[in-house]
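Participant: The residues making up each chain are set out below.
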Amino acid sequence: MSNEFLSIEDLHIHYITQEGTVKAVNGIDLKLNKGETLGLVGETGAGKTTTALGILRLIPNPPGKIMDGKIILEGRNLLELSEEEMRKIRGKKVSMIFQDPMTSLNPVMTVGEQIAEVIEIHEDVNKEEAKEKAKEMLELVGISGGRAGDYPHQFSGGMKQRVVIAIALACSPELLIADEPTTALDVTIQAQVLDLMQGLKKEFNTAMILITHDLGVVAEACDKVAIIYAGEIVEYADIESLFASPKHPYTQGLFASIPSLDEDVERLNPIKGLMPEPTDLPSGCRFHPRCPYAEAKCSEMDPKSVEVGAEHRVKCLIYSGEVSGKGIENE
Amino acid sequence: MHKYVLKRLLLLIPVMLGVTFIVFGIMHLTPGSPARLKLGEKATPEQIAALEHEMGLDKPFIIQYGNFVKNGLKGDFGRSYLSNKPVFEEVLDRFPATLKLAVAAMTIAVVIGIPAGIISATKQYTLVDSVTMVLALIGVSMPVFWLGLMLILIFSVNLGWLPSSGASTWMHLILPSITLGLSSTAIITRMTRSSMLEVIRQDYIRTARAKGVPERKVINKHALRNALIPVVTVIGLQFGSLLGGAVLTESVFSWPGVGKLMIDSIKKQDIPVVMASIIFIAITFSIVNLAVDILYAFIDPRIKSQYQ
Ligand SMILES: Nc1ncnc2c1ncn2[C@@H]1O[C@H](COP(=O)(O)OP(=O)(O)O)[C@@H](O)[C@H]1O
Ligand SMILES: [Mg+2]
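Residue numbers (numbering that gives the first Met the number 0), protein chains in the order written: chain A, 0 to 330; chain B, 0 to 307.
Just so you know, these hints were derived from the structure itself, not from any lab.
Bear in mind that the values here come from a model prediction, so they are computed numbers and not experimental data.
Cβ coordinates follow ideal geometry from the N, Cα and C atoms, glycine included.
Please note that a few of the clues may not be correct.
According to the in silico footprint, chain B covers these stretches of chain A (three or more CB under 8 Å from chain B) [said to hold, decoys possible]: (1) 84 to 92; (2) 310 to 321.
One-sided and incomplete, this derived list gives chain B residues near chain A with beta-carbon spacing under 7 Å [stated by the list, open to error]: (3) S140; (4) D202; (5) R208; (6) A209; (7) K210; (8) G211; (9) H221; (10) R224; (11) N225; (12) F297; (13) P300; (14) R301.
With these hints in hand, go ahead and build the complete structure from the sequences.
Facilitator: See the structure below:
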């Protein structure tokens, strides 16, 4: 076998609600090698968090349900494991950092207890040793070990996120899923937290899925990028080829929307129009209503994923020759 | 923290002044003269007037109230018209019975209500949940006196298992404490359930699961402690009001507590005893509330650090 570590195949996740079925993830394929960082980029509502929670099998059920697909971690399909086997993977082999540090920590437990807990669960240590290690983890993320007895409300947002990182890394996971880890933080803190994660990731040789809507973060931190739109990966490439020649009209739109340095923009709003309602996705290519190059065929045919270079795949009819794509920039 | 407790205790003073003023006012406005009551039907108007003068009842309301407060500060709230005992002695004599009943009722409510609420929340939308919620709804809507009478009818009259009135043995405690505890059980069940449902949607519960914490511990350790914060308030309020004497339950079961004393005294227009009971109820209620607030600080570190 190769050093292929994680492979997601044809993953479908739906939320079944009274208003209809939200098709949040629609046939995602992803691969990740040991130690690599994959950026998962897309607008709010594209299905990024759902994909991440799917890997840990933490989709809230009801209403959520993994309908189909495989999530293979080191040869084992996570979707076939028992709940108990899965529990042993969570926090140990695979950890997650959530989007909002303000609400991710239990308000009535000290941060020390919260870090020590994950160590006690997964490692063969007693309470005292776990406490000691929790303090070391705090130091590692740049917080004095003496603050282990403090409660979350005594920390700032950036510090809380450091605590969350300490929890996530406490058992040296092989895969770290970071769901927009810096979005909720001040711009100045963002860079610090990102640097910290990068450093620790290298130190522990952890593979990472970094969810973001910031292409700047991607450029800085990722080896590979998957662009997600309406629950599908529309483009997948290594970082060089993506930045050198983005292929999908949506990806190109994302790049076009990167603000100049002195502007700061919170949300990507790259292309005219809105993400389609996930309860009522358009036929054919999901992106066609917003695509400047769309032709009649785009609303009829489902685009297949096409290789456009080494490890560079695009889901667009232009690249399978079905549609002319007149005017698209494509060296 | 100490400062806070002291402040709260000092706050009791204006509360007490307010409560007594209102009760005193109401009593003042109700027709009938205590002097006549004391002297009986055959008294002449002269005798009544003389006694009213002696009791200070012919003075303006504000002066009367002022005298009441002045005497109250010396610990003298007057004597019962009927027994001629100091009123607080009367009330305190009855308090142990009320305390016993309140503790028994709250124990039932907490021991059943909290687990029922947790189970109901973790099994939301299942049959268990629906049944629990229907029972809780019945529990809160059932009138206490009706429930008490039904229990007496079944367990005392028909089956003859349990006594229906009095307080001499622990057997006497069973029916009144069930009667009194049922609505608290239902309220605590509902509160625990809704609070738990709110908490298990929180991000930190997802964090706990993502750490690999076993589901049982996610519920009993991570969720419950957070969910209990509002439940403790409800328990405190319930307990506070039970301590003031459960008027209906105590009457139905002839339970010799503060509630029954108050009702009997109202019937007999024994005003000093009524006043003393009400003041006593207000004080216990305030103290229990304070205790709950202090307890709160131990459960919720965010509140504790506000005091420091
Ligand atoms: N618990 C849920 N119930 C119903 N719909 C949900 C739930 N969570 C997410 N969704 C829907 O699934 C879609 C994808 O959401 P999400 O994965 O959170 O996107 P992203 O993280 O990319 O912003 C959205 O349309 C969102 O409204
Ligand atoms: Mg998200």
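Participant: Now tell me, hint by hint, if it's right for this structure.
Facilitator: Hint-by-hint comparison with the structure:
| no. | hint | verdict |
| --- | --- | --- |
| 1 | 84 to 92 | holds (count 6) |
| 2 | 310 to 321 | violated (count 0) |
| 3 | S140 | violated (29 Å) |
| 4 | D202 | holds (4 Å) |
| 5 | R208 | holds (6 Å) |
| 6 | A209 | holds (5 Å) |
| 7 | K210 | holds (4 Å) |
| 8 | G211 | holds (4 Å) |
| 9 | H221 | holds (6 Å) |
| 10 | R224 | holds (5 Å) |
| 11 | N225 | holds (6 Å) |
| 12 | F297 | violated (10 Å) |
| 13 | P300 | holds (4 Å) |
| 14 | R301 | holds (5 Å) |
In terms of the numbered hints stated before, the structure departs from hints 2, 3, 12, listed from lowest to highest.
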